[in-house]
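Novice: Sequence:
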Amino acid sequence: MKVNSRSVVAAALLSAGITHGAPTSFCASVGDVCFGIAVPSSSASSGSGNIYFQISAPTSYQWVALGTGSGMFGSNMFVLYQDGAGNVTISPRAGTFHTPPSEDTSSTGAKLTLLAGSGVINGKMIANVQCSNCEAWSSGQTLSLTSSGSGWISAWRQGSSLATKDKNAALVQHDDTDQFTVNLNEATVSSDSNPFVSAQTGNGTSADPDTTPSTGSGVVILAKPSNTVLVAHGVIMALVMAILYPLGSLLMPLLGKWWLHGAWQVVAFCLMWAGFGLGVQAAMDRNELFDQAHTRLGTVVVCLMVIQPALGFLHHRNYVATQSRGIISYAHIWWGRALMVLGIVNGGLGLQLSNERNSLIIAYSVVAGVIFLAYFVVKGWSTLRKRKGPVGGPGKETGRPL
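In terms of mature numbering (1 follows the signal peptide of the UniProt record, and there is no 0), the sequence shown is residues -21 to -1, 1 to 381.
Keep in mind that the hints were calculated from the coordinates and are not lab data. Keep in mind it's a predicted model, so treat the numbers as computed, not measured. Just so it is clear, CB atoms sit at the ideal spot from N, CA and C, and this is done for glycine as well. Hints may be right or wrong, so weigh each one.
What the hints assert, rightly or not - Derived DSS-like pairs: lysine-lysine, alpha-carbon spacing no greater than 25 angstroms straight-line: (1) K103 - K146; (2) K90 - K146; (3) K236 - K358; (4) K90 - K144; (5) K90 - K103; (6) K144 - K103.
Stated by the list, open to error - Beta-carbon label-pair distances, calculated as ranges: (7) G63 - R316: 50 to 58 angstroms; (8) C249 - F351: 20 to 28 angstroms; (9) L233 - G138: 50 to 58 angstroms.
Construct all of the structure, not just a fragment, from the sequences and the given hints.
Specialist: Laid out in structure tokens, this is it:
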């Protein structure tokens, strides 16, 4: 029988490259939330079968999650929390559009088994888990067991124990997250058995994981999105919606200078689009584009604002010609007012989405409230003066139709 030398070399490289004695272990950026991942060589060779993972965190955490995929949407998630009886619950969940994930009870949901060494041990929640079908899951995504750059995510929340065995227990939004890649070739072990139990102790207890911030062999924790873009987006859009647009609309009743009103609002309009572009980038960096009330409403408001300059131009032509308001005038006025209010509300949703401190939310609300109070006071004053003011005075537009 003739043996192909290339096949021999390939087999030798595969054997040398994927078989290791220990799982890959690493800790998240928070420092005390740690994970381990192991793929038996038999599963790596066949492309399916058991994989093993460990989740470890202090009991000061309410829950901790590990997931496959590059983002929350469509991820195969494994959530750990205390069961209230000295043990832990591990819940297979399907990642959704940044809403709390629920238990995945579908036929392709992760089949998870808690192994020896799991429990609440020395002030830590530890779950040693076997998954028999994690190479594919309900969203249609897959995990190659020999991938050199498989995508993973993690999330956590501190707080009091959930103390439940319910695998569909309600979760409160995470405190923070990480994204990372794992070279599963570096996580391959020879035996298809629990790799997290300390063989040296012989008592079935879990080996104490290292709790220093680290990345194990073949693990790359991805950089978190820069807050600079997000902050710039928030500052610009708050300035535009809460200050510039309302003040710009007051220039007509105060000064009667249509060109000043128009120029002011054009500047605000351009800044709005700059802020929107930054917001799109920030949302894409965080996998939140169009899947949050803030991003959806913001997109609608900005797109609808495109009509406002055209309405303003038509209003000016009609008013200069007739010295009276028509349907187009009221459309321009009330369209703008409605969008300003929606923009202010959406700013609050944005602050909530980014988990900003209450003091900043209060400050934003106060500034917006003062500006809008001034807006309605000036509008009321303008209405009282309207019939008394001479043509060309405050509140009147002059000039020739453009």
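Novice: Decide, hint by hint, whether the structure agrees.
Specialist: Against the structure, the hints:
1. K103 - K146: holds, 20 angstroms
2. K90 - K146: holds, 13 angstroms
3. K236 - K358: holds, 16 angstroms
4. K90 - K144: The given pair, whose Cα atoms are some 16 angstroms apart, holds under the 25 angstroms limit.
5. K90 - K103: Roughly 24 angstroms between the alpha carbons, so the hint for K90 and K103 holds.
6. K144 - K103: This hinted pair holds, its Cα atoms lying about 17 angstroms apart.
7. G63 - R316: 50 to 58 angstroms: Hint holds: Cβ distance 53 angstroms, inside 50 to 58 angstroms.
8. C249 - F351: 20 to 28 angstroms: Taking Cβ atoms as reference, C249 and F351 lie about 23 angstroms apart, which means the hint holds.
9. L233 - G138: 50 to 58 angstroms: Since L233 and G138 have Cβ atoms about 51 angstroms apart, the given range 50 to 58 angstroms holds.
Consistency with the previously given hints is maintained throughout, with no hint failing.
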